[in-house]
Amino acid sequence: MSEPLVIIGNGMAAARLCEELAQRSLGRYAIAVIGREPELAYNRILLSSVLSGEVPARDTLLKPANWWRDRGVTLCYGAPVTAVDIPARQVMLAGGSKLDFAKLVFATGSRAIRLPVPGAELPGVLTFRDLADVASISRAAHRGTRVVVIGGGLLGIEAAYGLAKAGARVTLVHLMDRLMERQLDARAASMLKRAVEAKGIEVLLDTETARFTGDSRVEAVEFKDGRRIAAEMVVVAVGIKPNAEIAAACGVAVNRGIMVDDRLAASKSDVFAIGECAEHRGVCYGLVEPANEQAHVLAERLAGRDLRYGGSVNATNLKVSGVHVFSAGDFLGAAGTESIVFADAGLRTYKKLVVAGGRLVGAVLYGDTIDAPWYLELMRSGAQIDSFRHDLVFGRALAERRAA
Amino acid sequence: MNARSSHPPAVRTTCPYCGVGCGVLASPDGNGGAAIAGDPVHPANDGRLCSKGSALGETLALERRLLHPMLRRADGSLDRIDWDTALDKVAGGFRAIAERDGPGAIAFYLSGQLLTEDYYVANKLMKGFLGSSNVDTNSRLCMASSVAGHRRAFGADTVPGTYRDIDEADLIVLVGSNAAWCHPILYQRMIAAKRERGARLVVIDPRRTASAAEADLFLPIAPGMDTALYCGLLSHLADTLALDYAYIDAHTAGFVDALARAREIAADVASTARATALQEADVARFFDLFRATERVVTCFSQGVNQSAQGTDKVNAIINVHLASGRIGRPGMGPFSLTGQPNAMGGREVGGLANQLAAHMDFAPDAVDRVRRFWRAPHMATRGGLKAVDLFEAIARGTIKALWVMATNPAVSLPRAGAVREALKKLDLFVVSENVLHNDTVDAGAHVLLPAAAWGEKSGTVTNSERRISRQRAFLPLPGEARPDWWIVSEVARRLGFGASFDYRHPADVFREHAALSAFENDGKRDFDIGALAQLSDEAYDALDPVMWPARAAEPQQERRFFSAGGFFTDDGRARFVAPRPPDPRHAYDEAHPLRLNTGRVRDQWHTMTRTGSSPRLGAHLPEPFVEIGPADAKAHKLADGGFAKVVTRHGSAILKVSVAAGQRRGSIFAPIHWSGANSSDGRVGAMVTAATDPFSGQPDLKATSARVQRVGFASRGFALTRHPIELPAAAWFARVAVAGGEGLLFATNEPAGRWHELAKRLMPPDAELAEYVDPQRGVVRVAAFRAGRLDGCIFVGPAAAPPHWDALRALFEAQSVTESDRRVLLSGRSAEGLAETGPVICACYGVGLSAIRNAIAAGTAASVADIGRLLRAGTNCGSCLPELRGILARTSKTAKSRAA
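The listed protein sequences correspond, in order, to chains Y and F. Residue numbering for the first sequence follows the working numbering, starting at 1 and increasing by one per position. Residue numbering for the second sequence follows the working numbering, starting at 1 and increasing by one per position.
In short, the hints are calculated from the structure, not lab data. Treat the hints with care, as some may be off.
Heads up, incomplete: computed chain F residues facing chain Y, CB under 10 Å, no partners named [what the hints assert, rightly or not]:
#, residue
1, Phe-785
2, Gly-833
3, Arg-872
4, Cys-877
From chain Y, some residues computed to sit far from chain F (all C-beta separations above 12 Å) [stated by the list, open to error]:
#, residue
5, Arg-89
6, Glu-208
7, Cys-250
8, Met-259
9, Asp-270
10, Cys-284
11, Gly-382
Label pairs and their calculated CB-CB ranges [claimed, not checked]:
#, chain 1, residue 1, chain 2, residue 2, range
12, F, Gln-709, Y, Ser-190, 43 to 51 Å
13, F, Arg-872, Y, Leu-61, 16 to 24 Å
14, Y, Ala-132, F, Pro-751, 53 to 61 Å
15, Y, Arg-256, F, Ala-814, 55 to 63 Å
16, Y, Ala-132, F, Arg-754, 55 to 63 Å
17, Y, Gly-358, F, Ala-739, 34 to 42 Å
18, F, Ala-801, Y, Ala-253, 51 to 59 Å
19, F, Ala-801, Y, Arg-401, 16 to 24 Å
20, Y, Gly-304, F, Lys-893, 43 to 51 Å
21, F, Ala-865, Y, Leu-93, 28 to 36 Å
We put the beta carbon where it would ideally sit given N, CA and C, even for glycine.
The task is simple: from the sequences and hints, build the whole structure.
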């Protein structure tokens, strides 16, 4: 008899876990995937491309319906979980149906933070997180629509790009003195700013939103410095928050996210968490790569192997067309580290590699990012780079040509 | 000839470098350049050229040329003036100073680079019309000891043999000559003689040079002991009854005294070995070889000449050849290898302070003869000041007007630093030059006269075997440049001597020179080219290489001298000269325990004003260096590739260290080529002692007491720029010619951090900059691009691991730089062999467009899933999947349409 395995969440982490499980232990578990969104799992990273019209929404589907069916996965999408009874090993769904489980995986992801300022609830103030958001934004945005995007992080920049590409007049507003400050140093951020501006997006840095104003829907954004700009739509992309409420309600230990150990196990037995809802060693990852790594480790464990998850190197790829940005590890260079910098204005390329103790510990790449995976590999493996330090920034091909 | 009619025929001319005097074919390209080839029918080289000669085409550019007369203003800057003003200034200045202070206060300093015609006119003006014999030449630094030795032994400055003797010798002895580098084509003839007739090659040199590489016997003689070796040889030949007493009796005088002196100096093999610090077995082998071989040529050059006892060394060599009768016959004789292209021509016209003209000295009858020939109003009647004395007289203020032509004494003379200072004291300092800047010009020349350069001037030169060849113009005169003979004649005209300097063509000068050589000669003087005194202009222009003597009454043929005596002494007998015992420690000084030897490198010539503009030649040994043996290097904590300060009592230089096993203990070697114009601290001449040979006045450039100390630089680097740049004052550097710009190799203690800003500032302001910095490793690299071309770059790295510039030079010389080259250019390496990636498609796994297209085109990937399996692209975040589908569709379509 197959053990019932219930996965709450139908996002990228869930899909990857199913894929990994299907490769390892087909038949061992009877898998049920419960999704809040009324769609098959899709690739959230493509949302800005959908917004810009570069990719049709149907192309974001991670797997077609028959893929799930062929692997014996029961899909319950558009059916939010209302509660979990851990002692009873039961998940309650809206509508009253119940699912038994032997093992439970939280893959509930995260949601956009809404800005705690007056007017945040006005119609026309949107977030940018899922296909529904994209649909709302697309409905509201027309050629020439004045849109203010709040948040100069990864998501905000992607949203601004998508909107600008779709023809909106976009102002990108950021609280900090540089874009993507959690991933980029000042130099890469200023190159990114120029590239963003080159797409017709106005960028306001060091700008804190005071309120959204409007009668029946948003009409303007006011800033703490007194400036005010008209807006027919506001997209807020100021951060995400793990979806951990259901877990907390059923007694699973939650901090920012659902706390898991190196086995990805939560505080209750047979309960696990992966992806953006999970908090591992105090870190909630907001990126797809750690989720995939966690899915891989958990699938191995569920298949009976003792694999451990030791955390991911925080690596970011900005995925908007024509602008390649990569950041990983200690990209700023803490005290005691050494920085190697390459820049070529004509190639629109900037690379900073941070080295400590003869090992690569951080990187920022702007423009030429082809060697990003190699740097990530070197950072993960902790390999000594002294013997090819002078070739490092010029890429793997050159460094290995010398070795050959 | 199969040259196409659209191209002008190649012009036959002669190489402007060493005294071998190779024929060159120059084919102008119509754009100021020319293709260069060896002249296959020139008897000196049979079509071969050495590295320097082959690169002549790279030295024709006009960028650094002096193209207009210039006058220095009070503030030190140079103003362009017209020829009339310039010539008036020179003529007026020389006249005024000669009238005020007497003819002893004026001087010319000439050069073996001048053509015979130029030399003749300058010598005539000074010695016949201005009444001064202060006419000396850089040949004083080159072969004056050979001249003096020849004159002591033969009664005339006669080179007895010809190059054919080298082809026909069974033993060739090189004494103090690195012919492999300094006379390469002649050295190739020696090697051919080895190969073709089994000739043996013996190389005698304190330093194991490139010439020793092919020697059958190398004798690493103690410095300055050549006289002892040849005295030992003379003793040995006498003791083994190997002398030609018939010749000695019939044609020589002084043998007994010379042999007695030889025995005092080195009586046998053992004492020779002791004196010369050679192995007895090696000495014995050399003596036996010499004794057993009739056809022996002893070739000697600067190692013999540039010595405080150079003339005695020459005579010690000649003594052996006279005593063994090995002179004037095929394959034998003493053979002075001349340094310069026309040192011999200069000797022929008498362009030396101790000669008058046409191999005549200042004997009253000679002065009278020349006076009558020239119809000269104001003859100099006795010898003038030789080079070293002449510049000391300038320093003392007794010479107040100097005209330098075609040479760079502020670099090349001993104590060149003092010389440079002395030049500043002149009331009138005139320089005839090709280049706008060199150390001599920059020492404060008042009037600069733009002289025609090689390829523009026309006249004759004489090589080491007495062969007169034409240098012909194949390029138009650039700017306002004029031939030297014209410049001097115009000054003479302004001094009121127009009738005696009414030359319209170099042939006019040559005919007069030839006529003087034959004037009242009657076989009494070796130099006689009377047969050429009636050449028409056309015949002069078409003149084939011709060897002197070329007497009017005799059929023209190659001639040797002295096989049957016929010396140019009063009694017709050669003179044995008893040499003074060698005193190699004459200049030794405890505080400076090493002996500084100077010389040349293979690919540079003199002070590099010409060869220094050839990128090919600059690549060989690009930096001024000092060679030191391993033991001395260790004792002084010097490392190969590091730097050393060499200090003598006269000056110092900072040079790159080259640890060489061939450098003997106690000796160091530095090449002479670098100057203030192309290096920060490479003026080797400034260190050299001014000790001179008492007979020849030739300075001893190979034995200055010196010490060395390690100099540490934190960083080393290079720069490639389209225009010259100035490095921080404290930086050490050498400039190197690079195609399309200039190279700098440098060393510095400036912190790497400072270099970052500095390097960016030194690049053109409107260029796109790229940079690579690794501050902890002291690495800074900056490149500038303009219009897709590498416009310049500066690389700085730690001295222990300096950057290399080969890849960058190639990119700098290229018309454009590809993007893949540009991506890795600052690594200092080329992109050769690196696959072009194309734009990144899958950012997660770093997969480029090219790899994806290749997989599709190869048929291994037909779907997105295939691409994922093969390249991993799209298998992580999946955001590139739509793009992959697009690429797949487009690439397959292209492939299909191509198939269809």
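**Report entry** Hint numbers not upheld by this structure, sorted from lowest to highest
**Finding:** none
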